[in-house]
Amino acid sequence: MTKSPSNSPGLPRIAVVGCGAAAREFYLPVLKKYAGYGRSVVLVDRVEQQAESMAREFGIQHCCTDYKSLPIDVEAAIITTPHNLHAEQSIHFLEQGHPVFVEKPLGMTAAEVTRVLDAAASGEAVVMVNNYRRLFPSYRRVRELIQSGQFGDVLRITIRDGTKFAWKSASSFYLRDPQARGVFLDRGAHTVDILCWWLGERPQVVDARFDALGAVEGLMDVQLACGQATISLKFSRFYRLENCYTIECEKARICGRLFDYSRLSVQSNGPPEWIEAGAALSHYEYAWQLVENFVAVIAGRGAPLFLAADVAPSIAVIEKAYLRATRFELPWYETDPNVSFLREDVAANHQQRTV
Amino acid sequence: MQKVLVTGAGGFLGGWVVESFLLAGIPVRAGIRSWNSAVRLARHATEIVPCDVLLPEQIDAALDGCDAVVHCAVGNEHVTVTGTRNLLAAASQHRLDRIVHLSSVAVYGKAPGIIDEACPRRSKGSHYAELKIAAEKVCEEFIDRGTPVVVLRPSIIYGPFSEAWTVSFAKRLASGKWGTMGRRGEGNCNLVYVTDVVQAIYRALLAENAAGEFFNVNGDDVITWNEYFSRFNTALGREPLPAINTWPIAVKAQLLSPVRTSAKYALARFGRVAMRLHAQSSLAAKYMKATESLLKLTPTNEQLKLYGVRAKYVIDKAKDELGYAPRVGSKQGLEFCVAWLHQQGILY
Numbered sequence: 004m005t006k007s008p009s010n011s012p013g014l015p016r017i018a019v020v021g022c023g024a025a026a027r028e029f030y031l032p033v034l035k036k037y038a039g040y041g042r043s044v045v046l047v048d049r050v051e052q053q054a055e056s057m058a059r060e061f062g063i064q065h066c067c068t069d070y071k072s073l074p075i076d077v078e079a080a081i082i083t084t085p086h087n088l089h090a091e092q093s094i095h096f097l098e099q100g101h102p103v104f105v106e107k108p109l110g111m112t113a114a115e116v117t118r119v120l121d122a123a124a125s126g127e128a129v130v131m132v133n134n135y136r137r138l139f140p141s142y143r144r145v146r147e148l149i150q151s152g153q154f155g156d157v158l159r160i161t162i163r164d165g166t167k168f169a170w171k172s173a174s175s176f177y178l179r180d181p182q183a184r185g186v187f188l189d190r191g192a193h194t195v196d197i198l199c200w201w202l203g204e205r206p207q208v209v210d211a212r213f214d215a216l217g218a219v220e221g222l223m224d225v226q227l228a229c230g231q232a233t234i235s236l237k238f239s240r241f242y243r244l245e246n247c248y249t250i251e252c253e254k255a256r257i258c259g260r261l262f263d264y265s266r267l268s269v270q271s272n273g274p275p276e277w278i279e280a281g282a283a284l285s286h287y288e289y290a291w292q293l294v295e296n297f298v299a300v301i302a303g304r305g306a307p308l309f310l311a312a313d314v315a316p317s318i319a320v321i322e323k324a325y326l327r328a329t330r331f332e333l334p335w336y337e338t339d340p341n342v343s344f345l346r347e348d349v350a351a352n353h354q355q356r357t358v
Numbered sequence: 131m132q133k134v135l136v137t138g139a140g141g142f143l144g145g146w147v148v149e150s151f152l153l154a155g156i157p158v159r160a161g162i163r164s165w166n167s168a169v170r171l172a173r174h175a176t177e178i179v180p181c182d183v184l185l186p187e188q189i190d191a192a193l194d195g196c197d198a199v200v201h202c203a204v205g206n207e208h209v210t211v212t213g214t215r216n217l218l219a220a221a222s223q224h225r226l227d228r229i230v231h232l233s234s235v236a237v238y239g240k241a242p243g244i245i246d247e248a249c250p251r252r253s254k255g256s257h258y259a260e261l262k263i264a265a266e267k268v269c270e271e272f273i274d275r276g277t278p279v280v281v282l283r284p285s286i287i288y289g290p291f292s293e294a295w296t297v298s299f300a301k302r303l304a305s306g307k308w309g310t311m312g313r314r315g316e317g318n319c320n321l322v323y324v325t326d327v328v329q330a331i332y333r334a335l336l337a338e339n340a341a342g343e344f345f346n347v348n349g350d351d352v353i354t355w356n357e358y359f360s361r362f363n364t365a366l367g368r369e370p371l372p373a374i375n376t377w378p379i380a381v382k383a384q385l386l387s388p389v390r391t392s393a394k395y396a397l398a399r400f401g402r403v404a405m406r407l408h409a410q411s412s413l414a415a416k417y418m419k420a421t422e423s424l425l426k427l428t429p430t431n432e433q434l435k436l437y438g439v440r441a442k443y444v445i446d447k448a449k450d451e452l453g454y455a456p457r458v459g460s461k462q463g464l465e466f467c468v469a470w471l472h473q474q475g476i477l478y
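Sequences listed follow chains D and U, in order.
Quick note: to get our numbering, add 3 to the position in the first sequence (first position is 1).
Quick note: to get our numbering, add 130 to the position in the second sequence (first position is 1).
The shape of chain D in the complex, shown without the other chains (with noise of 0.2 Å):
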């Protein structure tokens, strides 16, 4: 757990909307170390009980179950809902011109994106986006020397990013709802983005395989161009991947593992040259200094660390990829005799109950 924010301020009254492992996890846990944060606080869920047990949970006095019909008037929100609803959501407050803190992915599509960074243009509110990888100072790190050109053009970018699915969703939305996606939107929202802001510009979509047999994928390999720069991602939610990055340039060869926050390594003429970019910390910990971060600027106490408008062009890949996206070949079950036999089968049976 981060310090408490200096001398506890008051809480600008904020209408949390989404009472999930979200919820939990990144943002109740910053909001109630403010005072007063149990008035301040009006947690929505279209789900009432969920809502309400919420609620019991943190001690907050506000909870409903429409983000358009809140007990109290609020002067920003945070939206922790599934994916899709990202976008309609953050306009209704944005076009208020309340500010808007929105769990990623920011969209599903770069037309939504745009539509919701219009809303926030035409409220003059201010949009962020729970991007909280940007901060991690191993990846600041990585940014800096890519950008300073040191070590010459990128040649070749190689990531691969996969862990055994356990989000603790209090719905099934993440695995039922075809508008969910999958492992690519899911945790390609932060690693694309970060890959985005590594380069300064937007990769083009090369090819893109996924596993998906008419829902949602749990595994896909996705290849960009940026330049003369080859990109190879390959994301899953079945297994546990190396969850490592390799940034071979014209001169050297930067390294590092997706989750060591502060460390990354440089090999240039030499053996590897391990650098310690930073503090330590759990990703929590960045996620909730991102939380403190819109606090602070909802307040006027500060700016924020990044805008949503910044991660625009990620969602942008995302959602060219997903079009390219064709299924890989699965031998195991396109030339499995049993399934062909089963097939076969049942379709005779069927033939004959018909005769």
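Hint data in this document are derived by calculation from the structure and do not stem from the laboratory.
Predicted, not measured: the structure shown is a model, and the values here were computed from it.
Every residue gets a Cβ at the ideal spot worked out from N, C-alpha and C, and that includes glycine.
Check before you lean on any hint, since a few could be wrong.
Facing chain D, a subset of chain U residues (Cβ under 7 Å, in silico) [to be verified]:
| id | residue |
| --- | --- |
| 1 | Leu153 |
| 2 | Ile156 |
| 3 | Trp165 |
With a straight-line Cα cutoff of 30 Å, these simulated DSS-like cross-link-like pairs (lysine-lysine) come out [stated by the list, open to error]:
| id | chain 1 | residue 1 | chain 2 | residue 2 |
| --- | --- | --- | --- | --- |
| 4 | D | Lys167 | U | Lys307 |
| 5 | D | Lys167 | U | Lys394 |
| 6 | D | Lys167 | U | Lys461 |
| 7 | D | Lys167 | U | Lys419 |
| 8 | U | Lys416 | D | Lys167 |
| 9 | U | Lys267 | U | Lys426 |
| 10 | U | Lys416 | D | Lys254 |
| 11 | D | Lys167 | U | Lys382 |
| 12 | U | Lys301 | D | Lys167 |
| 13 | D | Lys167 | U | Lys426 |
Could you slot chain U onto chain D? The hints should help.
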């Protein structure tokens, strides 16, 4: 069949039953305990329902509209024994046409020789075998009352998504620290490819006179464990597998036994603290990774014993009475496994 409920559909075998049935056009409903286990099934536009076998109301809802159930759910004593009782009670109430219960050849307790369904059950100190025997006894109670239960006893089920017999061995072989084990590895490896088990399940659902019967389900290739390691190694395209001295492995297995138990306990109780330590201390991260790798690459005492057991589980009864015929030999099965391992990024 109107519709088949599969319990434990988030697991290795249950997942394969659902996927194979779906691909063949058999109406199926996947029953899961937690959404975390549903990533594989979620790739299909199929019906997935909560079905914790310890919650009778969930079972009742999951069975609604089904005329058969394939019971693959397994876990601790409560899940395996009480869960089976709960499921069979609900299945009786719903008057299902057929219940296929998945047991295991573990019920024979590593007895050597030619093992058919008439051989006695014995646990020989294995907790897993004890639970499987207890669940079979529950099935017998219901069979006596006229519930149409068929019990299948598969052997070593391997194939894509198998942690125990595919992923773990691939990693061991890829580590370069694994090899054939001389006499210790000359026991029979009774391999059965996962979709052959699915075929047996399908036939058990349909066979008219199978209710109340017990069947072994095994593959046709009966090879030794040493042969399995070598064939898998060849399929992975690696240099020929060396013979390794098994005494140090046996000693290591013995020494690591308490470490394995305490690591499991610590992770269950202090998982979050461990994650934090992992993130904050490179030394702790290095130590944890080394321990995890050592535990994964070293067989347990029980596994070492298994590699030496000379037992063959015969399938004549399943062939005669169910029409079961294994179709995937170890060569093709291992080719499927290797292609899948590469695609998953487990091997690269």
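If you check each hint against the structure, which ones fail?
9
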